[in-house]
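So the chains spell out like this:
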Amino acid sequence: MTKDDVEHIAALSRLRFDESETNSMIQDMRGILRYIACLERLDEVREQDAQTGAGPPGSAALRDDSARTELDAEEALAPAPDSSEGHFRVPKVI
Amino acid sequence: MSLCDATASELSRLIDRGETRPSEILLATEERIGAVENAIGSYITLDLEGAAKRANALETRPLPSEKRSPLWGVPLAVKDNICTKRLRTTCASRMLENYVPPYDATAVERLEKAGAVVVGKTNLDEFGMGSSTEHSALGETRNPWSRGRVPGGSSGGSAAAVAAGEAVVALGSDTGGSVRLPAAFCGVVGVRPTYGVVSRYGLVAFGSSLDQVGVIGRDARDCASVIEAIAGPDGRDSTAPRAPDSPGGRSFIGGDLSGVTVGVPYSFLEEGVDPDVRAAFEAALEDLRVLGVKVESVELQDPSYSVSTYYILADCEASSNLARFDGVRYGRRSDAETYDELVTKSRSLFLGPEVKRRIVLGTFALSAGYYDRYYATAVRARSIIAQDMSCALEKTEFLATPTAPCPAFKMGERLGDPLTMYLTDVFTVGPSLAGLPAVSVPMGLSRDGLPMGLQIIGRPFQDFILLALADAFLMATGHNRVIPPIVKTRGKGDSNGD
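Chains as they are written, first to last, in the working numbering: chain D, 1 to 94; chain A, 95 to 592.
Take the hints with a grain of salt, since some may be wrong.
[Stated by the list, open to error] A few chain D residues that face chain A, going by a derived Cβ cut-off under 10 Å, partial list only:
id, residue
1, R34
2, Y35
3, I36
4, L39
5, A78
[Said to hold, decoys possible] Here are the computed distance ranges between Cβ atoms for each label pair:
id, chain 1, residue 1, chain 2, residue 2, range
6, D, A37, A, D511, 14 to 20 Å
7, A, G366, D, D5, 28 to 34 Å
8, D, C38, A, G144, 46 to 52 Å
9, D, H8, A, G144, 46 to 52 Å
10, D, E7, A, G510, 29 to 35 Å
11, D, R63, A, V194, 23 to 29 Å
Honestly, the hints are just simulated from the structure, not real lab data.
Ideal Cβ placement from N, Cα and C applies to all residues, glycine included.
Construct the entire structure; sequences and hints are all you get.
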């Protein structure tokens with residue numbers, strides 16, 4: 001984990017760090033990644049038993065596809081920092 | 095004993111006999127909050143006015159006892175990452191400091207329908223990310239047993255509130271141990287139900303394949319009453335397919351435990367476990383044997399694999415889930431000329447350091463060139479860990495470990511060392527990865543007078559049977575009947591002592 005890595009990941013995450021935050025992030029990440037490297041051992045030892053696939057056991061429940069009343073636009077927009085005429089408002093994008 | 099120190103089932107009996115009523119129970123709880131809240135800080139937001147209206151409304155429409163839930167009129171605290179309509183829900187983040195949800199979480203809606211009275215919203219590690227509640231951006235929560243120590247986390251406010259009599263039961267959320275760990279540190283009961291029995295609608299997402307709404311109470315019966323009220327399918331969460339199995343003939347309450355088997359992975363205790371925790375755990379196993387339980391040794395994968403797997407998966411999911419906090423739809427916004435700048439500035443200013451650390455780790459583990467090495471490996475490891483626990487639970491009906499390797503640690507002690515903080519969860523992340531129900535019950539006090547927790551893990555959907563075993567243990571040992579010193583002093587109006 002280098003300074004370039006942290007800057008790249010920060011950009012992907014839409015975060016910005018100053019120099020001291022970047023330095024402490026590098027130290028923290030190095031320690032955590034060193035610890036979690038133990039998983040590579042588990043995988044090698046037991047790879048033949050592993051089943052890929054995300055999520056815990058159990059099936060998903062589907063509901064009937066029927067119309068129901070949920071939030072209206074006004075309620076959904078109420079917590080927004082800025083809105084106008086039934087829409088979220090942001091600075092010019094294009 | 096004050097009404098606010100009773101269990102919900104005791105209060106229900108008093109209500110049945112006409113010896114108390116919801117407004118009187120609430121008043122006792124308010125008095126306790128007045129006496130201890132400044133010293134403990136369980137709550138981010140109190141809604142005593144709303145609670146009083148609710149208690150009075152219940153009294154104007156009394157129900158016959160057979161139609162009343164045991165939670166009718168019972169003061170409830172709600173972790174502040176669970177949405178409450180018209181009551182701000184902050185996730186202990188500056189990002190959501192002023193967020194007022196337009197809807198109730200399903201769990202809250204169902205508890206209010208059962209007659210529970212929401213007293214307020216409790217403190218947590220920001221977005222549920224932490225083991226001590228020190229990562230809250232909106233205040234400090236102290237352990238009611240020793241104010242220099244953490245209450246555990248991330249549902250630290252909920253556990254402290256129940257321990258100190260500031261609520262009778264509480265909702266928390268448990269991703270990797272966030273209900274069980276603070277329950278252990280604060281000397282109360284904390285349950286993580288089977289993944290999929292409680293709807294997460296209205297629970298602010300952290301790691302969606304792991305998050306569960308959990309329950310904190312003073313005994314196992316109260317926790318069972320809450321789960322009974324909140325569990326079951328909900329059209330608004332497709333990952334909540336069904337309620338737990340009914341205990342049927344296996345409700346051990348007052349019954350014989352002979353034939354019940356509990357597996358213990360003794361290798362977990364070989365290093366890194368505090369001697370007091372180890373001694374209390376051995377004593378708890380002996381208490382179970384006296385009740386007729388057969389305690390057997392089982393082999394499980396080293397728990398360091400679970401910790402590693404958990405922190406990769408949870409943080410990958412968090413990095414995706416928290417992308418929604420962009421300063422556009424809700425939360426706070428920073429001024430900026432462009433959209434990109436608005437998003438980056440808002441997130442950088444209003445998300446806290448631990449949340450950023452998790453987002454960075456998760457984004458890194460999902461990024462091009464590292465995905466297979468970290469995320470895909472963790473997914474495979476998760477299936478190995480789940481199979482491993484499932485095999486063990488074929489041999490024995492339950493598994494038991496300490497909830498945490500140590501009692502509550504001192505405030506600030508682990509704050510500068512994220513990895514050491516993560517290792518507090520060493521015993522709780524396994525059941526989370528496997529989607530299993532698990533409960534932490536008090537198992538006595540350390541030499542320093544701090545509570546310690548026994549974790550019992552059950553088979554999927556056997557939540558009520560798990561709680562029946564927990565109940566039998568607590569009825570026999572009384573470990574949940576010990577009251578924190580602050581309640582003994584300040585609870586009686588002595589504002590000098592704690």
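Taking the beta carbons of D/E7 and A/G510, is their distance inside 29 to 35 Å? violated (23 Å)
Given the range 28 to 34 Å, decide if the beta-carbon distance of A/G366 to D/D5 lies inside it. Check passed, 30 Å falls within 28 to 34 Å.
Once the shortest beta carbon distance from D/I36 to chain A is found, is it less than 10 Å? holds (4 Å)
Okay, D/R63 versus A/V194 on CB: inside 23 to 29 Å? The hint (23 to 29 Å, Cβ to Cβ) holds, given that D/R63 and A/V194 are roughly 27 Å apart.
With a cut-off of 10 Å, does the beta carbon of D/L39 approach a beta carbon of chain A closely enough for the hint to hold? Result: holds, 5 Å to nearest chain A Cβ.
Should the hint that D/Y35 touches chain A count as held when the rule is a Cβ pair under 10 Å? This interface hint holds because 6 Å falls under the 10 Å limit.
With a cut-off of 10 Å on the beta carbons, see whether D/A78 makes it to chain A. Result: holds, 6 Å to nearest chain A Cβ.
Honestly, do D/H8 and A/G144 meet the 46 to 52 Å range at C-beta? At 47 Å between Cβs, range holds.
Confirm or reject the claim that D/A37 and A/D511 have a C-beta distance inside 14 to 20 Å. holds (18 Å)
Hinted contact D/R34 with chain A - closest CB pair below 10 Å: Since the shortest Cβ distance to chain A is 9 Å, the answer is holds.
Hint says 46 to 52 Å; check whether the CB-CB distance for D/C38 and A/G144 agrees. The hint (46 to 52 Å, Cβ to Cβ) holds, given that D/C38 and A/G144 are roughly 49 Å apart.
In this structure, the one hint that does not hold is number 10.
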